[in-house]
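Enquirer: From first to last, the protein sequence lines are chains A and B.
Heads up: the first sequence begins at 56 in the working numbering, then just goes up one per residue.
Heads up: the second sequence begins at 56 in the working numbering, then just goes up one per residue.
Among these hints, one or two may not hold up.
[Claimed, not checked] Capping the alpha-carbon separation at 30 Å, the derived lysine-lysine pairs in DSS-like fashion look like this: (1) A:440 to B:440; (2) B:588 to B:272; (3) A:588 to B:588; (4) A:518 to A:251; (5) A:440 to A:251; (6) A:274 to A:366; (7) A:169 to A:206; (8) B:584 to A:588; (9) B:282 to A:584; (10) B:327 to B:282; (11) B:251 to B:169; (12) B:58 to B:177.
Since the hints were made in silico from the structure, they are not lab data.
Predicted model only: the values in this text are computed from it and were never measured.
2 protein chains.
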Amino acid sequence: MDKIYRVNMTDLTVKQEDVPAEWALLGGRGLTSTIVAAEVPPTCHPLGPNNKLVFAPGLLTGTPAAQSGRLSAGAKSPLTGGINESNSGGTAAQLLARLCIKALIIEGQPKEDKWFNLHVNKDGITIQEETELVGQNNFAIIDAVETRLGKKTGILTIGIAGELRMAAADISVKDPDSKLRSHGRGGLGAVMGSKKIKFISIDGEGAPGVTIAAPDKFKAASRVFAKALLDHPVSGQALPTYGTNVLVNIINEAGGLPTRNFSYGQFASHDKISGETMHDTIVARGGKPKHGCHAGCIIQCSQVYLDQDGKYLSSGFEYETIWALGANCCIENLDIIAKADNIMDDIGIDSIETAVMFGVAMEAGIIPFGDGEGVLRLLTDEIAKGTPLGRILGGGAGSVGRAYGVIRVPVVKNQSIPAYDPRSIKGIGITYATSTMGADHTAGYSIATNILNVGGNVDPLKKEGQVELSRNLQIATAAIDSTGMCIFVAFPALDIPECLPALIDMLNARFDSSLAGDDFVALGKQILKVERKFNIEAGFNSAHDRLPEFFTYEPLPPHNVVWDFSDEEIDEFWNF
Amino acid sequence: MDKIYRVNMTDLTVKQEDVPAEWALLGGRGLTSTIVAAEVPPTCHPLGPNNKLVFAPGLLTGTPAAQSGRLSAGAKSPLTGGINESNSGGTAAQLLARLCIKALIIEGQPKEDKWFNLHVNKDGITIQEETELVGQNNFAIIDAVETRLGKKTGILTIGIAGELRMAAADISVKDPDSKLRSHGRGGLGAVMGSKKIKFISIDGEGAPGVTIAAPDKFKAASRVFAKALLDHPVSGQALPTYGTNVLVNIINEAGGLPTRNFSYGQFASHDKISGETMHDTIVARGGKPKHGCHAGCIIQCSQVYLDQDGKYLSSGFEYETIWALGANCCIENLDIIAKADNIMDDIGIDSIETAVMFGVAMEAGIIPFGDGEGVLRLLTDEIAKGTPLGRILGGGAGSVGRAYGVIRVPVVKNQSIPAYDPRSIKGIGITYATSTMGADHTAGYSIATNILNVGGNVDPLKKEGQVELSRNLQIATAAIDSTGMCIFVAFPALDIPECLPALIDMLNARFDSSLAGDDFVALGKQILKVERKFNIEAGFNSAHDRLPEFFTYEPLPPHNVVWDFSDEEIDEFWNF
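Kindly produce the complete structure, drawing on both the sequences and the hints.
Expert: This is the structure we're talking about:
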């Protein structure tokens, strides 16, 4: 029987509750956003006692369905001031699901300056004071907790960035190799830090496991679904071979690779940081070119990237991080970028927000463009030490922009714009502008249709069709984010007719429900509307659904295009 | 014939324009807000090329009317992100008015990294490159410009804070003693810095002067008006004797003196920083207890405060600054506070924003509460040097709160709450919440009626009548801010029946107009609505008309009251 846990950090109590009937068919983002919207006062201070941090595995998490091992985390974001959901791979989601924990809601905050850990097992949740590991970073936390509790322990943890409540701090999740994945975006690590929880350990021993109402139906649908994933050229070939970093050359070719803090659309040294170069480097050094972030992943888009001496540097080494430090900061050395990624993972700070921030820091003159060693130094000597400069940098791109009076600051709702220039790939601009999360490519990944010809093609340089494209993708994504599925299932779902019905069949087999395609769309719409309502009550209006002004008057080479949507055209997005 | 000047800093050109008919009866705030709302895109970057900085003397400025020498400055605020008007005494307003300059609109920004000055005289405005005085602070600028151009020169200048585009930077105005007054609030110094204008010099030689349509009527009304100012106990006695700092003991007694970063409502050492103590200290040291910020001031609420060696420290030594560094930072030494005020004047940073910020910095642990020497050190070694810590501090209270994860951050729309705790003086809380400027006591000074029994009495501890009180005051203030009058004319205007009619008579005599009391109210309403519309288009909604959450759950001693207005009650404000 699924249950809800409420951990109250003000009085250090734990309550177990039944799942309300209306939450039965919600999971992942659908559940975290519903709970946050229902229970968090929209104008509360995000680091104050009235914010709540909610974890929820997806609806299919814990089942054998491929790609279903994502965990959603939600709260009011200290970065955007709006609602936030950020999902992650790793082992925690499946452990929580098998322990029948539908949601873990963390409320309140201690009045004393003490740190705590939470331990979750089949008997419930205990709150313990933590002293030993305070001040430690993520890799050390994982080592120490595994030493304390065993290798199989699931771990959610924050590094020093979360302890210091930096707005770019993330929550890390132990992966199957005792490395980590992240609830990266929105600053949720700062919320966990504000609750004074250093880590959450999860013991799956004796877990009841997930009940599947119709196992045979589930198995059949699951096979169709997995086949679709493997058959699609993006999820079946490109991602497993080159990882997400396959995109460097593709986006550069399209003239949409933001370079030198969004001043150009192509990077002369793109080859040095490309997925192809990365693949060859990994193979030559004996790393793993394919790797999954959770059990049951068959796409295997991640990798194990080693340094020249064969030492581990990164496993979730993503295109967005590589682009941001590479093209956007003009750093041509993949090893330095990997080293920076390793440090960002360790101190627990979002690698998109932070890497985009470095472009703004370079524009502000804090270090020169191209200064990879400078980036490493700022990470270790400033951010990780919480110096004043470190706190400015740890607040993300908007923070640096405000502190240094920079005008070219690529953020929407104060969250950094990733990896795809909205001037030359216009569909993603609509997603950046309108997403309830602030700029977030995963919220409605128009690149699929604008660039990769997945789900048809919409010319990236023209305005026609972009609003509809982004709307459809954002609705579908909100629903997918509720299933516990990795977003890359969207590629086959857009192109292979059997894929989405198989996903819905799995949901129906799991819950003995009778959802149809329309219900899936309705779920996505409902989630977006719940999130939007929260944001409006938190102080957003349509003026926040805008890209930074510089996109409208600085033409981007090589296409020399500006962002040219009118306010009315953008606001059409919400007509559904 | 009045005229408008447009200075374009992108192409370094100056244009003179006729005054559009619809602006003829606008001045001061009414004119700056109308121009900003009409010409500045609400979602533009406040430090980018599309923001405009507008200066406008009031409608009566340049006439012999008492108290009429205020200059309004307006722009989109880099501190709040909304519209801003900040008015100041000093000599510039009267010089501009006598040069028949109705408004000076500064547009665009240079592409090159060069600094400029503007010189205004009877023949027009010239733009000159400035190298010598870049990097200098305000007192040095005033000295140097007087040496260059003569003692009579009017000067508008920014210090290092404005050059660095800090969000708390102000614009300073030379006063009659070659010291300075400030357009303090909203960060307009950063806007001037973003336009690369270090100072504006004004030569009134040969100025045509202000034409008064009906001189005899004007003179008669002017006498009635001046008599009312002198007859009222606040403007005629309390303010001239003790300055605005008369309020320390009064507000302490009322339990509304925010102490230790808004944790208590009374300060045990209030006597050490009171107006009475200040007065005696000034007299003992041979300073001036009475002083005016502009020619024609008969209230003389300012003073010349000298240090123990008889050296000048401050002249506009206001209650809000003394409260913020005194009670709110627990600094008991008036000399240290005056020294800090001197440094803030010199580097050109708002003394309300900055002093309130120090309370948050103390709460963040940057320096301890009570550490006056620490405040001086942070001002000179950090803010004035533009170090990373200095940039955090120079961004104001909200900036420090975000960088250090502080929850008790007293700001509305990111602007610091001054000097009067809204939990125990509830009318001012409505003003803080709803003002288009962000927290701003001058926008609707309910203290008059809540505490000083001016304009009747509304119990400060009860909710009844506060919304109406704040609404009436904000409407009247917006209109008064358009006349060039100092806000303290509101005291007699509220109590002495002849006062407001005399003010309106002066307007009619000046412009040959036939305004009635209702027109004055209509003007105030129109200004507030224009400003509110800009703010909504810039991204504000009613969720921004809220006090910080901590006021709702932290009871303030000694009355142990919280901020208890519902959202609906606050939103009633805009029903007019």
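Enquirer: Each hint: holds or not?
Expert: Results for each hint:
no.	hint	result
1	A:440 to B:440	22 Å, holds
2	B:588 to B:272	37 Å, violated
3	A:588 to B:588	21 Å, holds
4	A:518 to A:251	46 Å, violated
5	A:440 to A:251	18 Å, holds
6	A:274 to A:366	40 Å, violated
7	A:169 to A:206	27 Å, holds
8	B:584 to A:588	25 Å, holds
9	B:282 to A:584	61 Å, violated
10	B:327 to B:282	34 Å, violated
11	B:251 to B:169	7 Å, holds
12	B:58 to B:177	12 Å, holds
Consistency note: the structure conflicts with the earlier hints numbered 2, 4, 6, 9, 10.
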